[in-house]
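So the chains spell out like this:
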Amino acid sequence: ETGVTQTPRHLVMGMTNKKSLKCEQHLGHNAMYWYKQSAKKPLELMFVYSLEERVENNSVPSRFSPECPNSSHLFLHLHTLQPEDSALYLCASSLSGENTEAFFGQGTRLTVV
Amino acid sequence: GESVGLHLPTLSVQEGDNSIINCAYSNSASDYFIWYKQESGKGPQFIIDIRSNMDKRQGQRVTVLLNKTVKHLSLQIAATQPGDSAVYFCAETGSSYDKVIFGPGTSLSVIP
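Chains as they are written, first to last, in our numbering: chain W, 15 to 127; chain S, 67 to 178.
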């Protein structure tokens, strides 16, 4: 266990559905991240929250909407997704502003049908 | 543009042998480098890190080497075991983790 928990582990959704991914960390970190991992591609940073403020949005489509209500929780709200959005979505946390490693959750395997 | 890449996408080694996984980076301003291991069905797991003021760092059975002259990073695994089979990612970052860049990954297979 890394101290970062993601739910659900697997999700299948239709293109018209609305769903949310949840991430929770128990490490006392103050920065949280969403990554997308597709087959045969490097990890893609989607969103960064530092001290509960969004600091990075790497041109992610608006059908992905993050929410960080406090430093321990991070959500990714999904709506009207496309089949190409099927991927492993990873949450990570770290100490903001310091060169330390991030701790990753086990990911949510998302399939859009 | 900035990129972090791996020389070998796949690597097969005999159990007990040493493994070397290589990584090239292009941003000379990067000052912190991390190796992650990702097993099937799991998220990436931190293995070892190194800062740019060092050229070598050792952990338990793992050693990271940094050559800033040629912008090259390597991960050495001693006495490779079946449990080492995974995808290994290198990552680089500058002033903060917000700007981390991951390489594409190398798949390591250990032959019993």
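Read the hints as simulated data drawn from the structure, not as lab findings.
Ideal placement from N, C-alpha and C gives every residue a C-beta, glycine not left out.
Treat the hints with caution; some may be incorrect.
As the list claims (entries may be wrong) - A short list of chain S residues far from chain W (calculated; beta carbon distances all over 12 Å):
1. Asp115
2. Val136
3. Pro178
To be verified - Now the stretches of chain W that chain S is said to cover, found in silico as 3 or more residues with beta-carbon under 8 Å:
4. 55–69
5. 114–121
So, going through the hints one by one against the coordinates:
1. In this structure aspartate 115 of chain S is not separated from chain W by more than 12 Å, as the shortest Cβ-Cβ distance comes to only about 6 Å.
2. Separation of valine 136 of chain S from chain W is adequate, the least Cβ-Cβ distance of about 21 Å exceeding the 12 Å criterion.
3. In this structure proline 178 of chain S is separated from chain W by more than 12 Å, as the shortest Cβ-Cβ distance comes to about 26 Å.
4. For the stretch 55–69 of chain W, the proposed coverage by chain S is satisfied: 7 residues have a C-beta within less than 8 Å of a C-beta in that chain, meeting the threshold of three.
5. Residue count for the stretch 114–121 of chain W with a Cβ under 8 Å from a Cβ of chain S: 8. That meets the three needed, and the coverage hint holds.
The structure shown violates just one earlier hint, number 1.
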